[in-house]
Amino acid sequence: MGKRVLVVDDAAFMRMMIKDILTKNGYEIAGEAENGQKAVELYQQLKPDVVTMDITMPEMDGIAAVKAIKKIDPNAKIIMCSAMGQQLMVMEAIQAGAKDFIVKPFQQERVLQALQKVLGQ
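Per numbering that gives the first Met the number 0, the sequence shown runs over residues 0 to 120.
Hints should not be assumed to be uniformly reliable.
No farther apart than 20 Å at their CA atoms in a straight line, the calculated lysine to any residue pairs in the SDA-like style are these [to be verified]: (1) 103 to 31; (2) 66 to 25; (3) 69 to 117.
Source of the hints: derived by calculation from the structure; they are not laboratory data.
Please put together the full structure from these sequences, using the hints given.
This is how it looks when you write it as structure tokens:
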């Protein structure tokens, strides 16, 4: 069975792009959220193997969501998704407990590489 991924991004188009890459490569989409608050709720319900987390989102940003998820599950595996020029926020996210990051626009190889690294495949 493929690993289950929770996809979090406020842009439906970005969620669709990631889901497309993942499903084509044998991953299962556990769920999707459009903000950090929903991501935290879904993480508790779905217990995914890994989360792809956008940094900039309404209601609760990705960094706050990483911290909240890490409180629930210290072993949570989270990959940050950032736009160019968000290096400081990426560093903050890594310090908060994110395991890796991918940059938009997504490149399939990089997305898969990050997932394999984080999942230890």
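Structure-based check of each hint:
1. 103 to 31: Roughly 18 Å separates the two Cα atoms, so the pair holds.
2. 66 to 25: Roughly 28 Å separates the two Cα atoms, so the pair is violated.
3. 69 to 117: holds (15 Å)
This entry does not satisfy hint 2, going by the numbered hints stated previously; all others are met.
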